[in-house]
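J.: In case you want the letters, here they are:
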Amino acid sequence: MIDYEFFKAPSLKEALEFLGSHEGVKAIAGGTDLLVDIRKENARAKGFKYLLDISGLKELKFIEERKDCVAIGALSTHTMLVESLVINKHFPLLASAAKTIGSTQIRNRGTVGGNINNASPAADLLPPLIALKAHVKLRTLNGERKLPLDEFLAGPYRTNRQSDEIMTEVCVPLLGEGYFTNFQKIGRRKAMNIARLNLAVVLGIKDDTVFDPRIVPGAATAYPIRFGKTEEAISGKRIGDIDPAEIGERASEEMISTTGIRWSTPYKRIALASLVKRALETIFREAKADE
Amino acid sequence: MFSTVNKPAERVDAYEKVTGRAKYGADLQFAGMLYGKVLRAKHPSARIKSINVEKARAIPGVWAVMTAQDVPCNEIGVIIQDQQVLAKERIYYIGDGVAMVAAESLEIASKALEAIEVEYEEIEGIFDPLLSKNSDPIQPERASNEVVHHKLRKGNVEEGFAGSDVIIEREYETQFVEHSYIEPEAVVAVPHENGSLVTVYGSVQNVFATRDAVARCLKADLSKVRVVQNHIGGSFGGKDEVVSAMACRAALLALKTSRPLKMVNTREESILESYKRHPYKMKYKVGATKDGKLVAMEIEAIADGGAYACQTPFVTWRSVVQATGPYEVPNVKTDTYGYYTNNVYTGAMRGYGSPQVIFANESLMDELAQELGITPFEIRLKNILKNGSVTASGQKLDRHEVSLAEVLKKAAEAIGYEEKYREYSKPQRGDKRRGIGMAISFRGCSLGAEAVDGAGTVLSIQKDGSVYLYSGLAENGQGLKTAFCQIAAEELGIEMKHITFLEANTLISPDSGSTVASRSTLVGGNSVMRAAESAKRALSRFLAKEFGLPSSDLVFKENWIYTPDGKKLISFAEAANKAFWAGVQLSHVGWYVAPSIHWDEEEGRGNPYFTYVYGCQIAEVEVDMGTGEVTVLNMAAAHDVGRAINPEMLKGQIYGGVMMGLGYGIMEEVETDEGYIANTNFDEYIIPTSKDMPNIIPIIVENPDPDGPFGAKSIGEPTLELGAAAIANAIAQATGRRIRSLPLNLERVLLGHPLRKGRGKK
Chain L
1 MIDYEFFKAP SLKEALEFLG SHEGVKAIAG GTDLLVDIRK ENARAKGFKY
51 LLDISGLKEL KFIEERKDCV AIGALSTHTM LVESLVINKH FPLLASAAKT
101 IGSTQIRNRG TVGGNINNAS PAADLLPPLI ALKAHVKLRT LNGERKLPLD
151 EFLAGPYRTN RQSDEIMTEV CVPLLGEGYF TNFQKIGRRK AMNIARLNLA
201 VVLGIKDDTV FDPRIVPGAA TAYPIRFGKT EEAISGKRIG DIDPAEIGER
251 ASEEMISTTG IRWSTPYKRI ALASLVKRAL ETIFREAKAD E
Chain F
1 MFSTVNKPAE RVDAYEKVTG RAKYGADLQF AGMLYGKVLR AKHPSARIKS
51 INVEKARAIP GVWAVMTAQD VPCNEIGVII QDQQVLAKER IYYIGDGVAM
101 VAAESLEIAS KALEAIEVEY EEIEGIFDPL LSKNSDPIQP ERASNEVVHH
151 KLRKGNVEEG FAGSDVIIER EYETQFVEHS YIEPEAVVAV PHENGSLVTV
201 YGSVQNVFAT RDAVARCLKA DLSKVRVVQN HIGGSFGGKD EVVSAMACRA
251 ALLALKTSRP LKMVNTREES ILESYKRHPY KMKYKVGATK DGKLVAMEIE
301 AIADGGAYAC QTPFVTWRSV VQATGPYEVP NVKTDTYGYY TNNVYTGAMR
351 GYGSPQVIFA NESLMDELAQ ELGITPFEIR LKNILKNGSV TASGQKLDRH
401 EVSLAEVLKK AAEAIGYEEK YREYSKPQRG DKRRGIGMAI SFRGCSLGAE
451 AVDGAGTVLS IQKDGSVYLY SGLAENGQGL KTAFCQIAAE ELGIEMKHIT
501 FLEANTLISP DSGSTVASRS TLVGGNSVMR AAESAKRALS RFLAKEFGLP
551 SSDLVFKENW IYTPDGKKLI SFAEAANKAF WAGVQLSHVG WYVAPSIHWD
601 EEEGRGNPYF TYVYGCQIAE VEVDMGTGEV TVLNMAAAHD VGRAINPEML
651 KGQIYGGVMM GLGYGIMEEV ETDEGYIANT NFDEYIIPTS KDMPNIIPII
701 VENPDPDGPF GAKSIGEPTL ELGAAAIANA IAQATGRRIR SLPLNLERVL
751 LGHPLRKGRG KK
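From first to last, the protein sequence lines stand for chains L and F.
Read in order, the letters of the first sequence correspond to residues 1 to 291 in full-length UniProt numbering.
Read in order, the letters of the second sequence correspond to residues 1 to 762 in full-length UniProt numbering.
These are computed hints drawn from the structure, not numbers from a lab.
Wrong hints could be hidden among the right ones.
Result set (DMTMM-like, lysine to aspartate or glutamate): computed pairs, CA atoms no more than 25 Å apart in a straight line [what the hints assert, rightly or not]: (1) Lys46(L) with Glu684(F); (2) Lys557(F) with Glu495(F); (3) Lys283(F) with Glu601(F); (4) Lys293(F) with Asp335(F); (5) Lys146(L) with Asp212(L); (6) Lys463(F) with Glu558(F); (7) Lys229(L) with Glu249(L); (8) Lys99(L) with Asp624(F); (9) Lys190(L) with Glu183(F); (10) Lys206(L) with Asp290(L); (11) Lys42(F) with Glu141(F); (12) Lys111(F) with Asp37(L); (13) Lys190(L) with Glu671(F); (14) Lys420(F) with Asp624(F); (15) Lys88(F) with Asp70(F); (16) Lys190(L) with Asp624(F); (17) Lys55(F) with Glu119(F); (18) Lys49(L) with Glu107(F); (19) Lys432(F) with Asp243(L); (20) Lys382(F) with Glu406(F); (21) Lys757(F) with Glu249(L); (22) Lys288(L) with Asp431(F); (23) Lys229(L) with Asp207(L); (24) Lys99(L) with Asp431(F); (25) Lys237(L) with Asp207(L); (26) Lys757(F) with Glu253(L); (27) Lys432(F) with Glu281(L); (28) Lys190(L) with Asp431(F).
Construct the entire structure; sequences and hints are all you get.
T.: Structure below.
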């Protein structure tokens with residue numbers, strides 16, 4: 001059993017004060033990952049003395065369209081993503097990804113900030129947010145910093161958050177003209193699913209030619225990263241000249257060159273290729289329909 | 001025709017369950033109650049060198065710490081008494097209890113467990129029943145690791161194969177699965193209550209089996225131990241031996257401390273400790289003529305019994321009787337074996353030795369059909385048992401309707417089998433491919449030759465005409481209370497709302513054996529009828545005398561009693577009142593013993609069951625060829641139940657059984673690695689959710705059985721045993737690839753073989 005003291009933060013300021021003046025604090029919002037880890041006495045959940053409940057910080061619960069980005073408060077729930085008109089308009093893949101998380105109950109409790117900060121290799125929001133070049137904002141008592149999500153992630157279940165920081169929001173830059181997005185996921189059942197694999201693809205198509213492709217598989221590598229070589233293989237290519245199946249295989253090779261051969265590789269090699277192929281085919285179909 | 005049975009009566013326990021009034025084992029509170037916890041083994045196979053409990057005893061709030069040395073009789077078991085209440089010198093599996101504590105709170109109890117020091121010496125374990133077969137005995141006092149060997153012999157298989165045009169041989173394998181009852185095991189033991197030595201309340205499937213275990217463990221008279229069943233959150237065969245062990249432990253601690261004691265397993269403890277469905281390794285050889293008639297079958301099935309014998313002797317016996325499937329086969333040689341290993345022990349789980357062999361024999365039928373160039377439908381129609389057929393065990397089926405053709409045709413029609421089969425047989429392109437597959441079965445009802453098959457019910461009419469009844473059989477969620485009330489209401493001609501069913505209680509209820517084997521409606525229902533008939537007879541005799549009637553042949557219906565010529569005589573309530581004040585006996589015991597059967601274990605033949613049920617399930621699936629994902633789209637389930645006592649509850653059984661079969665077929669597996677269990681909660685032990693539920697078409701077929709109450713037979717287990725086989729056949733059609741091991745999960749479907757993670761050691 002893990003012993004700890006429980007505190008509830010009435011405001012962001014007081015939460016930051018608590019973090020700034022105590023060692024060994026874990027913040028809890030929805031608790032959909034942390035409570036499971038605590039119950040399991042997972043090594044990740046050990047070695048803390050205080051649980052700081054930030055779930056009541058209403059100021060961190062918003063989705064807001066700004067001039068060049070959409071800001072998502074760290075305490076926004078997955079359900080808010082699913083239901084948000086702004087998200088559905090600008091980033092449908094983010095709503096699709098959120099819809100596949102857990103169950104209704106988990107989506108009602110689990111937060112965007114939690115999903116990012118838990119930094120699970122299989123987190124469903126990480127691939128789409130990385131593919132969307134999201135930034136995260138981290139606040140301390142004295143200041144604020146902003147850094148790209150892929151720099152914020154430091155490894156499986158590891159981030160570059162400092163112990164006195166709270167993530168306040170995620171900023172997702174608006175996509176310009178000609179962008180298409182897609183999200184794919186494989187699970188062992190139709191709900192209450194931890195991704196066996198997932199995938200976010202964002203790319204632009206102009207004059208039948210791909211630009212700015214971003215391909216981010218999840219649960220394929222130690223933590224989600226962009227597959228640069230696979231992106232290169234389609235960047236600047238005409239979609240008629242791209243064989244989605246071949247690109248899928250290239251993505252699998254990129255996965256294996258990153259992770260080496262693991263017990264799950266025989267499965268993931270084929271399945272990731274399928275997902276990439278499917279995502280590209282879907283996007284190309286949509287692009288054609290748009291013409 | 002009927003007034004109460006054969007109608008969708010509301011469940012008698014529905015309201016209290018949905019409103020939260022129903023009390024489950026873990027809800028119970030008693031003054032001064034302590035909490036018990038068990039320290040479990042660290043290794044699946046080890047010798048205990050020493051246990052030091054002194055530090056634990058010294059913790060304030062700890063009332064008792066006990067080890068095997070404090071147990072009067074440490075070995076329990078329904079069939080073979082080899083299960084340790086607490087591990088004495090040897091650890092046989094990862095769920096073995098080593099020591100236990102009673103404390104004032106759960107937190108103190110947990111701390112006390114951490115303070116117990118155990119020194120182990122690891123012993124190389126055996127985790128494969130095939131290795132176990134030829135290894136030195138795991139339990140030193142036994143001659144070998146064989147728990148049991150059953151055989152069945154008919155005709156001459158050598159001659160049969162010699163006369164066959166086509167012979168195929170295949171091997172199939174199934175996995176460990178967990179019952180996944182929503183309520184983990186929970187009991188409260190209360191010492192010295194109302195004259196008994198100890199009373200155990202809780203989540204108990206079989207009150208008499210648990211009572212027997214506690215009495216044996218305490219070396220007490222059976223009549224001094226009371227086991228009372230509470231509302232139970234599912235069991236599926238699972239709350240027998242594991243709960244008996246828990247009841248023994250709780251009783252020991254309660255008596256030691258003279259305090260009531262509650263013991264509740266966490267989900268992790270439950271999955272680690274509780275017995276599972278047996279994994280089977282099966283070899284099938286079948287010979288047929290070129291026009292598709294079966295000639296010979298040779299079968300060997302090896303069950304992993306795990307650490308303790310538990311129900312392995314009887315589970316493998318049902319398998320030996322039913323292993324050919326419901327077919328006429330003139331020459332059969334079947335052998336089933338159970339072996340001890342250091343894996344988690346295996347026991348009763350809904351199906352009880354049938355889902356494994358059905359997966360094999362129904363896969364085999366499709367493989368043979370393919371070999372012969374006929375359809376799965378044709379090969380079954382050619383070979384199924386019919387009225388007057390002789391089964392593999394040599395039993396002539398002439399006492400009831402053998403309705404295999406009927407269930408097969410009705411299921412096929414409901415789902416559009418033939419058209420879809422033709423459609424999906426054409427070459428399919430693209431990633432999403434469809435298939436349709438069927439499975440059929442015959443299933444012996446009730447215990448068969450396993451044990452004496454008697455059951456009793458006490459029915460008591462009160463002086464206001466209301467009625468209560470209780471039985472030795474128990475409500476495990478299947479709807480027994482409702483079914484029994486319906487049968488009593490029908491027989492007494494009164495409304496169900498006047499009838500109350502009490503809980504099973506071993507110091508009141510007649511010992512009726514276990515609530516298992518889909519036997520309650522059939523055997524217990526007959527005892528309800530007998531009790532009601534007996535009460536009716538007493539009332540009728542009294543009324544005939546009272547009213548000076550020539551005959552006591554009265555008619556009971558609609559809360560009234562009529563003369564044989566239809567004259568309204570008196571209301572049931574008034575009759576009960578008059579009879580009570582006249583001193584008429586209004587409490588009656590109904591006792592029913594199943595018709596005689598026999599089994600010759602030496603010769604491997606006999607009439608093992610007095611009747612059978614027949615079922616057919618057909619699954620339509622879509623397989624994602626790029627990811628291995630399987631979606632079960634539609635599932636038709638036709639079951640001959642004799643008579644549906646409650647058609648709506650029966651559909652509930654079908655929906656639940658189909659879903660359990662689906663889980664078994666495509667996702668569930670307790671992952672064991674050298675005896676360690678990797679997935680001990682539902683985040684990793686994957687069971688289907690409502691989103692995985694296909695469109696289920698339930699088809700109730702009724703051919704009343706001469707021995708069933710109103711013709712009723714069984715439904716609980718038949719609904720579960722077919723799904724995995726039907727889905728496997730559908731997947732084979734969709735993908736063109738046959739997978740012979742369960743579950744058909746992502747990896748198996750995509751790659752054709754499983755991937756092992758190699759983890760779990762803690």
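J.: Each hint should be assessed against the structure and marked as holding or not.
T.: Now for the hints, and whether the structure bears them out:
At most 25 Å may separate the alpha-carbon atoms for a hinted pair to count; Lys46(L) and Glu684(F) meet this at roughly 21 Å. Annotation: proposed proximity of Lys557(F) to Glu495(F) holds, straight-line Cα distance about 9 Å (limit 25 Å). For the given pair, Lys283(F) sits about 21 Å from Glu601(F) by alpha-carbon distance, which is consistent with the 25 Å threshold. Distance restraint check for Lys293(F) and Asp335(F): the Cα-Cα separation of roughly 23 Å lies within the 25 Å cut-off, and the hinted pair is therefore satisfied.
Distance check on the hinted pair: Lys146(L) and Asp212(L) sit about 23 Å apart at the alpha-carbon level, within 25 Å; holds. Between Lys463(F) and Glu558(F) the CA atoms are separated by roughly 18 Å; this keeps the pair inside 25 Å, and the hint holds. Restraint check: the Cα-Cα separation between Lys229(L) and Glu249(L) comes to about 12 Å, which is no more than 25 Å; the hinted pair holds. Using a Cα cut-off of 25 Å, the hinted pair Lys99(L) and Asp624(F) holds, with the two alpha carbons roughly 20 Å apart.
Taking the CA atoms of Lys190(L) and Glu183(F), the gap is near 23 Å; set against the 25 Å cutoff, the hint holds. For the suggested pair Lys206(L) and Asp290(L), the alpha carbons sit about 11 Å apart, so the restraint of at most 25 Å is met. For the hint linking Lys42(F) to Glu141(F), the alpha-carbon distance of about 23 Å falls within 25 Å, and the restraint holds. Between Lys111(F) and Asp37(L) the alpha-carbon distance is near 20 Å, which keeps this suggested pair within the 25 Å criterion.
A distance of roughly 21 Å separates the Cα atoms of Lys190(L) and Glu671(F); the hinted pair therefore holds under the 25 Å criterion. For a cut-off of 25 Å, the pair hint linking Lys420(F) to Asp624(F) stands: about 18 Å separates their Cα positions. Of the pairs offered as hints, the one joining Lys88(F) and Asp70(F) holds, with about 10 Å between alpha carbons and a cut-off of 25 Å not exceeded. Pair hint Lys190(L) plus Asp624(F) holds up; C-alpha atoms about 13 Å apart against a cutoff of 25 Å.
A distance of roughly 15 Å separates the Cα atoms of Lys55(F) and Glu119(F); the hinted pair therefore holds under the 25 Å criterion. Distance hint between Lys49(L) and Glu107(F) is fulfilled; the C-alpha atoms sit about 18 Å from each other, no more than 25 Å. Restraint check: the Cα-Cα separation between Lys432(F) and Asp243(L) comes to about 20 Å, which is no more than 25 Å; the hinted pair holds. For the proposed pair Lys382(F) and Glu406(F), the alpha carbon gap of about 14 Å is at most 25 Å, so the pair holds.
For the hint linking Lys757(F) to Glu249(L), the alpha-carbon distance of about 24 Å falls within 25 Å, and the restraint holds. About 21 Å separates the Cα atoms of Lys288(L) and Asp431(F), which keeps this hinted pair within 25 Å; it holds. At roughly 23 Å between alpha-carbon atoms, Lys229(L) and Asp207(L) fall within 25 Å of each other, so this suggested pair holds. As the CA atoms of Lys99(L) and Asp431(F) are separated by approximately 23 Å, the hinted pair is consistent with the 25 Å bound.
For the proposed pair Lys237(L) and Asp207(L), the alpha carbon gap of about 10 Å is at most 25 Å, so the pair holds. Pair hint Lys757(F) plus Glu253(L) holds up; C-alpha atoms about 21 Å apart against a cutoff of 25 Å. Using a Cα cut-off of 25 Å, the hinted pair Lys432(F) and Glu281(L) holds, with the two alpha carbons roughly 15 Å apart. For the hint linking Lys190(L) to Asp431(F), the alpha-carbon distance of about 18 Å falls within 25 Å, and the restraint holds.
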